[in-house]
Amino acid sequence: MSSRISWLPCLAATTVLGLLLAVPADAQTGRRKATSLVIVTGGQATLPIPTLMEGPENSTGNLDVADQLFLRLAELGPTLVTSGESDFTPGLAKSWTRRDSVTLAFDLDTRARWHDGTPLTARDVVFTMARAKNQAVSPRLSELLRQIVSVTPEGSSRVVFRFARPYAEQLYDATFHVAPLPAHLLDSIAPEDLARSEFAKHPIGSGPYRWARNVPGQFVELAAVENFFLGKPRIERLIFRTAVDPTARLNLLLSGQADAIDIIPPPPDNIRRVGADTALRLISVPSSTVGYLLFNQRDPKNRARPHPILADVRVRRAIMLGLNRRQMVQAVFGRHGAVPYGPVSQLLWIRQSAPEPEAANPAEARRLLASTGWGDSDGDGTLDRQGQPLRLLLSLPNTSGIRRQMALLVQEQLRRIGIQIEIQQLEFPIWQERRSAGDFDLDFSGVTQDASPSGLTQSWTCTGANNVGRYCDRAVDSLMSEAILGRGDPAGTWIETLRRIEEGVPAVFMYAPTLVYAVNRRYRAVTIKPHSGWITVRKWSVSP
Amino acid sequence: MTEALDVLLGAWRDPRGRFGALVLLVVALAALIGPLVLPDPLAQPDVLRASRPPATQHPFGTDQLSRDVLSRVVTGARISLSVALLAVTLSMTLGAAVGIVAGYWGGAVDATLMRLVDGALAIPRLFILLLLLAVWERVPLLPLIFLIGVTGWFATSRLVRGEVLRLREEGYVRAAEALGARRRRIIFRHLLPNALGPLLVAATLAIGDVILLEAGLSFLGLGIQPPTPSWGGMILDSREVMVSAPWTGIFPGLAIVITVLSANLFGDALRDAVDPRSA
Amino acid sequence: MRSWLFRRSVQALITFAVALALLFLLMRAAPGDPLFRLSADRPLSAEAIEALRARYGLDRPVGTQMLEFVRGLFRGDLGVSIEHGRPVMSLLAERLPATLLLGGSVLLLNFTVGLWLGVRQAVRHGQREDRWLTTLSLTGYAMPSFWLGLVLAWLVGVEWRLLPAAGMQDPLLESDASWLVRAGDVLRHLVLPVMTLSIVSIAATMRYQRAAMLEVWRLPYMITARSKGLSEREVTWRHAWRNALFPVITLFGLWLPILVSGSVFVEAVFAWPGLGSLAAGAVGSRDYPLLMGTSVLVAALVVTGGLVTDLVYAWLDPRVRFE
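Chains as they are written, first to last, in our numbering: chain Z, 1 to 544; chain W, 545 to 823; chain E, 824 to 1146.
Read the hints as simulated data drawn from the structure, not as lab findings.
Where is the CB? At the ideal position from N, CA and C, for every residue including glycine.
One thing to keep in mind: the hints can contain errors.
[As the list claims (entries may be wrong)] If you want the footprint, here are the derived chain W segments under chain E, 3+ residues with CB under 8 Å: (1) 778 to 786; (2) 789 to 797; (3) 807 to 817.
[Stated by the list, open to error] The following residues of chain W were derived to be distant from chain E, with all beta-carbon distances above 10 Å: (4) LEU614; (5) MET658; (6) ARG659; (7) ARG702; (8) LEU709; (9) PHE732; (10) GLY765; (11) LEU766; (12) VAL801; (13) THR803.
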């Protein structure tokens, strides 16, 4: 090897090493680190603008950033109750008055400003609501806001909402679903051009943080608004760092490249690992997810006929009693999960006075099965009846590690009472399709719930769009409509609804997890609000 | 036959070849005997205390479902080695058959076959397999072995064809034909034994490739289906717990590295023994 | 030469077109559509879903969709991504540099370190250095890259904190930092992903190059060169390696598609903001415009890679041109 050539590689190597060492990472960024917060999330905020988050853009990534950029008229209070008017905290509206059973008047805070300095007025609220209720522009929002008949300004700082009928969640509908947009910047842009406009690349809102920069695929940086009317945030730079892969997210947190994470990816071993890191603090937050094994009460091959095995409520009840849900939740979630009563996540406020879910009882399960004619005539461990073995297909998407793990546990536990379960893991879209078509025996569903319990109508009423198991109980239907549209306190009615659902056993309600957030201990006054995780960041402080 | 033995002994004399062969033997033995003495790889004895780090009771620790990692690695060895051996046998047989036919018959047959082989060699094997496996949903074990075997014979056929051509040039074949020997005799008595050396080399090297390939497919969820343990599948399961239970992923990976390395060391030594010029 | 080049380019274009048509059809044939996620959480009314389908052009027949796509292709418009709500073209333009950086670094390492070590091995074949390098390269070759990536990210990034565990840039870097500091920052983030991909490929290149060099070693013109009195070094670097380059160039042609698919995994584990992660997300959400856009780009790269490979062959070996 000529001497001329052999030191070339060595020179190259030294140059590279030199560049690598030229960035003493912590020293450089030490000063900046003190007043910044790096949150690692799973999705990037590509379009965090109210009324544009309709389809797939209605993602956590977008919602998290939109919550910082755009303030709502009023926020959910600490109780998370969505009915009535007393449990909300003021936002852009400093107060509200009820004029009659269908009219609410909001008084806007005159100190509120847009990020470009323009004061917020009633015109902005009217403009935004008009866009939101326009079905061509926002199909999803317009459906959520269908009970709002009119939104009219009274002067520049009062807005009056009129509703189609009296019901408990009027304030919730008026404030939660969409935050006001700046009319003075957007009224010249047609709704269909908004997504491609300059505004979309550099949104201007009324919230505690304004848009600073976006590095595609990597992070979105927000800067604190100097004269934010509810108090300037003490954290100057708020950075949402994207990593789609859950392992990468965890690695970013544990290597110190990020300060906070919204959901420590399952399984709970990871929570223990994060807890072992002395620089990080764990914060438990109720999750809006609930997981359940849905029974198909119709024959998958012919939906007009009842399911040959599962149409009988005694069989369903037997399956429910044969599963030790408490043990499974503990195995998969550790301390961070509970067995739900009815299809209710930890976040839904109606669970507050719900009774305890029924405990496992394999002996009773076996008795019930025997009473419906299932016996083990060939002694192979699986029950059979008239020559047909008690075999059921359990479908689940391959995207959920939790459900995968639980499915194996379910399979084993049901095997012990003589039921043979075949697990079928499918790619998400395929699982979705089969589910909608009713092509399953047991479906392991995982649902993210709205703050409002009215979302339950989708899956548990006879005509609910998501009721793929074809469960139908008229009493439940009428109880639910009474709770949603009635005038009085709906809490008791909801409990009654849940009781009836549990009796009918349309599904085995498996888990209602607790999310565990992790935040670096440098940050003080840290609270996490369920539904809008990072919305309280503006109140946090940093110790040096 | 004696040539094959010579080759094997030659490989044994090389220290790296010896190391490779010994390690392979150990792995094979573990795969055979291990599952008989170790706990059940599918059992979930105590789900409430899963993911234990390596300890005396569980030398490789336990995974998220409290299954013993050592027994899973060893059972995985059994699966990986059988898949590799069966698939490679299929590939070698197909490759040898096509190679002999192409080399011996020559002419249009040879041209067409080699065209086909060239075309197939242009597409990366992984792509072909991914395409085939994506269409079929959950491939059972035997069809999987078949698919892997049937996509791996192309290079071998060229190799064997080369050998056959060489033998023809050396007049060997013509002499036998002149003596009135029948085709089948020529193939089985003369061509095949001479091609055995290079075939053995190719087979040993192919074992390593198939192990890596199967691991990759299992990692993508397209290969061996759970709950059957496979090294690739174990690495897939360990992905989400790498920071909290790294032993669930490190050991299967090391198993792959050691096995493939040994197969390749031994294969290299075999090749040096067959053709000293390439040493 | 020109007519050969013309023929070869036409071949490439046809391959490209066929590949695109196949991909388009394959994507539409797969079950599930981009709006499935909506019905998961809060099912919409039938009208709302229809409105969204119309917005994304999903309600028209497949043939029309394909025609629209091709027409857009000629205009340079690849449509709007369903998941991101932005033009596909700008998304691709944003993410391409990161993938090129990653892939380019791997190829660079391959063709410098890999080549150099392979040649070194051939020159000293049979000696201790050769044997050790062989064992080393075989060990590298035996590592599954997906395992290596996971272990490196965990060990080097999280446990030892020597290098960043993921990402491409440090978001906290001063906005007025010099380009040198920025380059260093990216370089530090680049090390682990590149190592994951290149350990295996360098090992393969070394083996290939060594074998190819040894083949060439025995050729008659090499003996002539030696007998002319040229030193071993000159023989190696002036004559041998050029001819031994052929198999490596073939490797290059083959490595390109493998690099593309390998980078999908690496980009996921190391949160590298390239095309791979973009495409992976698009597959999961059935984002057709984005998927097609990425496929167009990748197909173009692969076909061009093949074309360039052939060109280099033709330049090195005039006989090829006249086939």
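Cross-check of the supplied hints:
no.: 1; hint: 778 to 786; result: holds (count 4)
no.: 2; hint: 789 to 797; result: holds (count 5)
no.: 3; hint: 807 to 817; result: holds (count 3)
no.: 4; hint: LEU614; result: 18 Å, holds
no.: 5; hint: MET658; result: 16 Å, holds
no.: 6; hint: ARG659; result: 14 Å, holds
no.: 7; hint: ARG702; result: 14 Å, holds
no.: 8; hint: LEU709; result: 18 Å, holds
no.: 9; hint: PHE732; result: 31 Å, holds
no.: 10; hint: GLY765; result: 12 Å, holds
no.: 11; hint: LEU766; result: 13 Å, holds
no.: 12; hint: VAL801; result: 5 Å, violated
no.: 13; hint: THR803; result: 8 Å, violated
Consistency with the previously given hints fails for numbers 12, 13, ordered from lowest to highest.
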